[in-house]
Amino acid sequence: MLDAAASLALIRRAAAARRCVSYGAVADASGVPWSVARRRMDPHLFALCRDATARGWPLVSAVVVDVRSVAHGRMRGRPLVGFARCAERCGRIVGGDAAAFLAEEQERVFAWAKQEGGDVVHH
402 MLDAAASLAL IRRAAAARRC VSYGAVADAS GVPWSVARRR MDPHLFALCR DATARGWPLV
462 SAVVVDVRSV AHGRMRGRPL VGFARCAERC GRIVGGDAAA FLAEEQERVF AWAKQEGGDV
522 VHH
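Numbering (my numbering) for the sequence shown: 402 to 524.
Note that these hints are calculated values from the structure, not bench results.
All values reported here derive from a predicted model rather than from experimental measurement.
Be aware that one or more of the hints could be misleading.
Have a look at the derived ranges for each label pair, beta carbon to beta carbon [said to hold, decoys possible]: (1) Gly457 to Ser436: 31 to 41 Å; (2) Cys491 to Lys515: 14 to 24 Å; (3) Glu505 to Ala472: 28 to 38 Å; (4) Gln516 to Arg440: 14 to 24 Å; (5) Gly432 to Gly497: 36 to 46 Å; (6) Ala406 to Gly496: 25 to 35 Å; (7) Gly425 to Arg486: 17 to 27 Å; (8) Gly432 to Glu489: 23 to 33 Å; (9) Arg419 to Ala501: 31 to 41 Å; (10) Ser436 to Gln516: 28 to 38 Å.
We treat Cβ as the ideally placed atom computed from N, Cα and C, and that holds for glycine.
Using the sequences and the accompanying hints, generate a full structural model.
And the structure:
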């Protein structure tokens, strides 16, 4: 099972350093092999974003990208479509340029992580 607190802590640490993380790193943070985590990743990231939205936070999964995109953070294809759908399900308006929306949301996540600092508060 993917652990929301472990994922959020990983995302926050990476974002505070203005870095993206891979889907595999999210799985690793929960000690779940990628072969198991793969099918659960989209619902897991949506749940993180739904909870973040409820707290007034940005869409934290904006900084979770495929392994080839970790260095630059840009998503294309299915990952970008998945992120845009997640954003819309959380009540956000993506508009006609999903890549630009992603870049803006990544900046919001970086600023959030820097501002929040410290450990994640669990409830």
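For each hint, the structure was consulted:
The hinted range of 31 to 41 Å is satisfied by Gly457 and Ser436, whose Cβ atoms lie roughly 35 Å apart. The hinted window of 14 to 24 Å between Cys491 and Lys515 holds, with their beta carbons roughly 22 Å apart. A hinted range of 28 to 38 Å for the beta carbons of Glu505 and Ala472 is inconsistent with their spacing of about 19 Å. About 34 Å separates the C-beta atoms of Gln516 and Arg440, a value inconsistent with the hinted range of 14 to 24 Å.
At roughly 40 Å, the beta-carbon separation of Gly432 and Gly497 lies within the given 36 to 46 Å, and the hint holds. Between Ala406 and Gly496 the CB atoms are about 32 Å apart, so this pair conforms to the stated range of 25 to 35 Å. As the Cβ distance of Gly425 to Arg486 is approximately 21 Å, the hint placing it in 17 to 27 Å holds. Distance hint check: the CB atoms of Gly432 and Glu489 are about 31 Å apart, consistent with the given range 23 to 33 Å.
A hinted range of 31 to 41 Å is violated for the C-beta pair Arg419 and Ala501, which are about 18 Å apart. Between Ser436 and Gln516 the C-beta distance comes to about 36 Å, which sits within the given range of 28 to 38 Å.
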